[in-house]
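What follows is each chain in one-letter form.
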Amino acid sequence: AQRVTQPEKLLSVFKGAPVELKCNYSYSGSPELFWYVQYSRQRLQLLLRHISRESIKGFTADLNKGETSFHLKKPFAQEEDSAMYYCALGPYNQGGKLIFGQGTELSVKP
Amino acid sequence: EAGVAQSPRYKIIEKRQSVAFWCNPISGHATLYWYQQILGQGPKLLIQFQNNGVVDDSQLPKDRFSAERLKGVDSTLKIQPAKLEDSAVYLCASSLRGTGANVLTFGAGSRLTVL
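As given, the protein sequences belong to chains A and B, one line each in that order.
Its first residue numbered 1, the first sequence is counted upward by one per residue in this note's numbering.
Its first residue numbered 1, the second sequence is counted upward by one per residue in this note's numbering.
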């Protein structure tokens, strides 16, 4: 089965604290993994994808095939990071669709 | 570039009524997706078009939902008759190509409330 699991519905941290949003996936092939973000009153938008291996807004994510994980990390959270974060799996050769996790709400307190 | 356009933004109907949502993707994007997002859940794919052909509609409740993309550009998603559990945000997204995993660009969504 192709599935994405985000175990935390809500993650609350203080400004300046490290953040880790967890994502685990179930997929038998070689996946492409993404993190999408939705800020308040804005559209769902791409944050980063694993093949890019880049840091966006201070966030990084490493694909761990052994643990089937793609956790999103940031060393020092900022208040503007408060948003809904969705991990998504792109199955190979299935037309480009994405399978989303249920999302984690990140709340960064001052 | 203009983004993905969706209308209406909000719709309230009674159960058993019908509703239609419209989506205009980014110009040149061959692939169009309709997702359903129920409150507290992640988006779930309903149907995917490549140009005007259906690529995947395995999770579309075909007894009540239908979608079309006649000229390979705009798309319409219809629900008839609506049920209470159809209350959700209907997201349209588009991407350049339909092979491999793509970067999807999403519209603002159409929020449906079924009473």
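By construction, these hints were calculated from the structure, which means they are not laboratory data.
Cβ atoms here follow ideal geometry from the backbone N, Cα and C, with glycine treated the same way.
Treat the hints with caution; some may be incorrect.
What the hints assert, rightly or not - No more than 27 Å apart at the CA atoms, straight line, and that leaves these computed lysine-lysine pairs for DSS-like:
{"no.": "1", "chain 1": "A", "residue 1": "K73", "chain 2": "B", "residue 2": "K44"}
{"no.": "2", "chain 1": "B", "residue 1": "K15", "chain 2": "B", "residue 2": "K78"}
{"no.": "3", "chain 1": "B", "residue 1": "K44", "chain 2": "A", "residue 2": "K22"}
{"no.": "4", "chain 1": "B", "residue 1": "K71", "chain 2": "B", "residue 2": "K44"}
{"no.": "5", "chain 1": "B", "residue 1": "K44", "chain 2": "A", "residue 2": "K65"}
Stated by the list, open to error - Stretch by stretch, here's where chain B covers chain A in the computed footprint (C-beta under 8 Å, at least three residues):
{"no.": "6", "region": "39-48"}
{"no.": "7", "region": "93-107"}
Here is what the structure says about each hint:
Pair hint A/K73 plus B/K44 holds up; C-alpha atoms about 25 Å apart against a cutoff of 27 Å. For the hint linking B/K15 to B/K78, the alpha-carbon distance of about 14 Å falls within 27 Å, and the restraint holds. Of the supplied pair hints, the one linking B/K44 and A/K22 holds, its CA atoms being roughly 20 Å apart against a limit of 27 Å. Between B/K71 and B/K44, the direct Cα distance comes to roughly 25 Å. Compliance with the 27 Å bound is thereby established for this hinted pair.
Restraint check for B/K44 and A/K65: the C-alpha separation of about 24 Å stays at or below 27 Å, so the hint holds. Requiring three or more residues with a Cβ within less than 8 Å of a Cβ of chain B, the coverage given for the region 39-48 of chain A holds, as 4 such residues are present. Counting residues of the region 93-107 of chain A whose CB falls under 8 Å from any CB of chain B gives 11; the rule of at least 3 is met.
Of the numbered hints stated above, none is contradicted by the structure.
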